[in-house]
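Asker: With chain A's structure known, arrange chains B, C and D on it following the hints.
4 protein chains.
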Amino acid sequence: MKKHVIEMIKKRGVNMTDIAEIVFEMQKGYLPITLEMCLEVVESVLAKREVQNAVMTGIALDIAAETRQIEEPLLSMLLADEPLYGVDEILALSITNIYGSIAFTNFGYIDKLKVGVLTKLNQHRDVQCNTFLDDLVAAVASAACSKLAHGFDKKNKKVQEDD
Amino acid sequence: MKKHVIEMIKKRGVNMTDIAEIVFEMQKGYLPITLEMCLEVVESVLAKREVQNAVMTGIALDIAAETRQIEEPLLSMLLADEPLYGVDEILALSITNIYGSIAFTNFGYIDKLKVGVLTKLNQHRDVQCNTFLDDLVAAVASAACSKLAHGFDKKNKKVQEDD
Amino acid sequence: MKKHVIEMIKKRGVNMTDIAEIVFEMQKGYLPITLEMCLEVVESVLAKREVQNAVMTGIALDIAAETRQIEEPLLSMLLADEPLYGVDEILALSITNIYGSIAFTNFGYIDKLKVGVLTKLNQHRDVQCNTFLDDLVAAVASAACSKLAHGFDKKNKKVQEDD
Amino acid sequence: MKKHVIEMIKKRGVNMTDIAEIVFEMQKGYLPITLEMCLEVVESVLAKREVQNAVMTGIALDIAAETRQIEEPLLSMLLADEPLYGVDEILALSITNIYGSIAFTNFGYIDKLKVGVLTKLNQHRDVQCNTFLDDLVAAVASAACSKLAHGFDKKNKKVQEDD
Numbered sequence: 001m002k003k004h005v006i007e008m009i010k011k012r013g014v015n016m017t018d019i020a021e022i023v024f025e026m027q028k029g030y031l032p033i034t035l036e037m038c039l040e041v042v043e044s045v046l047a048k049r050e051v052q053n054a055v056m057t058g059i060a061l062d063i064a065a066e067t068r069q070i071e072e073p074l075l076s077m078l079l080a081d082e083p084l085y086g087v088d089e090i091l092a093l094s095i096t097n098i099y100g101s102i103a104f105t106n107f108g109y110i111d112k113l114k115v116g117v118l119t120k121l122n123q124h125r126d127v128q129c130n131t132f133l134d135d136l137v138a139a140v141a142s143a144a145c146s147k148l149a150h151g152f153d154k155k156n157k158k159v160q161e162d163d
Numbered sequence: 001m002k003k004h005v006i007e008m009i010k011k012r013g014v015n016m017t018d019i020a021e022i023v024f025e026m027q028k029g030y031l032p033i034t035l036e037m038c039l040e041v042v043e044s045v046l047a048k049r050e051v052q053n054a055v056m057t058g059i060a061l062d063i064a065a066e067t068r069q070i071e072e073p074l075l076s077m078l079l080a081d082e083p084l085y086g087v088d089e090i091l092a093l094s095i096t097n098i099y100g101s102i103a104f105t106n107f108g109y110i111d112k113l114k115v116g117v118l119t120k121l122n123q124h125r126d127v128q129c130n131t132f133l134d135d136l137v138a139a140v141a142s143a144a145c146s147k148l149a150h151g152f153d154k155k156n157k158k159v160q161e162d163d
Numbered sequence: 001m002k003k004h005v006i007e008m009i010k011k012r013g014v015n016m017t018d019i020a021e022i023v024f025e026m027q028k029g030y031l032p033i034t035l036e037m038c039l040e041v042v043e044s045v046l047a048k049r050e051v052q053n054a055v056m057t058g059i060a061l062d063i064a065a066e067t068r069q070i071e072e073p074l075l076s077m078l079l080a081d082e083p084l085y086g087v088d089e090i091l092a093l094s095i096t097n098i099y100g101s102i103a104f105t106n107f108g109y110i111d112k113l114k115v116g117v118l119t120k121l122n123q124h125r126d127v128q129c130n131t132f133l134d135d136l137v138a139a140v141a142s143a144a145c146s147k148l149a150h151g152f153d154k155k156n157k158k159v160q161e162d163d
Numbered sequence: 001m002k003k004h005v006i007e008m009i010k011k012r013g014v015n016m017t018d019i020a021e022i023v024f025e026m027q028k029g030y031l032p033i034t035l036e037m038c039l040e041v042v043e044s045v046l047a048k049r050e051v052q053n054a055v056m057t058g059i060a061l062d063i064a065a066e067t068r069q070i071e072e073p074l075l076s077m078l079l080a081d082e083p084l085y086g087v088d089e090i091l092a093l094s095i096t097n098i099y100g101s102i103a104f105t106n107f108g109y110i111d112k113l114k115v116g117v118l119t120k121l122n123q124h125r126d127v128q129c130n131t132f133l134d135d136l137v138a139a140v141a142s143a144a145c146s147k148l149a150h151g152f153d154k155k156n157k158k159v160q161e162d163d
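Quick mapping for you: the protein sequence lines, in order, are chains A, B, C and D. The opening residue of the first sequence carries number 1 in this note's numbering; numbering runs sequentially from there. The opening residue of the second sequence carries number 1 in this note's numbering; numbering runs sequentially from there. The opening residue of the third sequence carries number 1 in this note's numbering; numbering runs sequentially from there. The opening residue of the fourth sequence carries number 1 in this note's numbering; numbering runs sequentially from there.
Okay, chain A solo, but in the shape it has when bound (with noise of 0.2 Å):
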């Protein structure tokens, strides 16, 4: 399930790295990281049950809006991410509580500056619908963030397993 869940991503166009940058980028200024660890631990965040239903449901609805099997009027609202519309937020809040409350931080802050490839999803809206995709992105994101922050083993510089 969770090849599957990857490979969705990748079909959407983010890659595994795409995401460990971010959390690179938002957490090498407070431990010793390397992307490889966030790699590691982004994986690990979508080895989570919940994440995938998240993760697979969001781009289901990205994918039905992009095609048009969806009625009006929210299918003008997901094409558009209506920024009213806040049912994107709430799959990716549903990502972040699992880990605690330094994900729920990190997901408003990597949101509103678009950190990394979110910049890209933001651009390429006209190709294809990322209304979903780019907050789960942040979500998974922030979530990893968080387990590194929680799991951190400063004397044997690595990550431990869940707390």
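Treat the hints with care, as some may be off.
If several chains are the same, the list does not tell them apart, and a pair holds so long as it fits within one copy or across any two.
Unchecked claim - In silico DSSO-like cross-links for lysine-lysine, where the CA-CA straight-line distance does not exceed 27 Å:
id, residue 1, residue 2
1, Lys28, Lys120
2, Lys48, Lys112
3, Lys28, Lys10
4, Lys112, Lys10
5, Lys2, Lys48
6, Lys48, Lys11
7, Lys114, Lys3
8, Lys28, Lys48
9, Lys120, Lys11
10, Lys11, Lys114
11, Lys114, Lys28
12, Lys28, Lys112
Simulated from the structure, these hints should not be mistaken for lab results.
Answerer: Chains B, C and D in isolation, oriented as in the chain A frame:
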């Protein structure tokens, strides 16, 4: 927009009185209410934009599953209302969150005991996909319970506007 | 830290087996579990840092209310477990959120029906302030129900580690 | 009650205009607002009972920590604003949840960048415990941003009542 959302819910087999009856059932032991008051409060919940967005998105997913416009493995999860798939409860939670903790507690109770119309929805799963609809109905009912409890003016026996 | 939190809960009158019994009661109809398995899962929930923080904070507030170290009007709300005061449920929600939607639904049910030890806690309100404790106990039990449901390995009849 | 809560916040060193300034800073790029409008919206957020309860509870915890009326190890966590302690963000989240996803995203940004008065609060940690206060201020400001964005009537250049 409120009318459109009420119409969507109706097309899926649930009337506003069905939801009002859940609210009445839940609150009649605590407050001197009438079914009509409950109906009014249910409609006021459906006037909130965030509630409308959650309802429209959930029903869109139910319909997309029904018409097989969603890819596997998500499709089978939605059609089976797979217990470990929780995005339906997440959308519901986004509704109850707006109305505070009474909404939250009532939701679990209504959802687990399949109060009122929820029993019917649960039995008609072979006819249409109600994975999201049943949680959304439970959430709107719970939100209305909370609004009633917070806003009931005991002196004048009517529901106040938002506090 | 886990030991400290378990000790705190015990001092307030709730044993781990009390919580395990709620879990057993809720899940015995669905899974071939024993009370011992439930106890193990309850303890694993209390090993999570976010759960520990919510429990310690809630109990600190109960004690501060009891010893009148909180100013009015909050003091009276806490001592009366005022129904419209919802911060107790919010702390509970922060526990259930980590464990996904099954935790969320079970919480409302357990809390409303006052399953198991919760009836006792509710009656002893004149002796000590349990405004936070009862919701925290319900939340830990709900979280354990969710962990059981997600992680139960039907083949080997034991609970798996975090998925 | 609203007056009491505003007074409590003031006693802890934060004026309503301090919060309004954060809102103005965040929204001036999007909406033709004045500081006065922001002040009005901030006060309307503080008229909500759930917001008042979260604020009173958080400040009570800050004061209890300051006066050493909380046991260890929680006391040290609160005094140090320990990054892995997240109950402060949870109370904040309970405020932003009421106001939808714009509140949620803004919170992370405001909190991370320590916009406006938050910088001061962060520096005065040796004088008083602001572990909860800073997140509550950020949450009230974020909620006000969301209410402004949802309710701003472009034609009449004023903020509408709750939608």
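Asker: Hint numbers the structure violates, sorted upward?
Answerer: none
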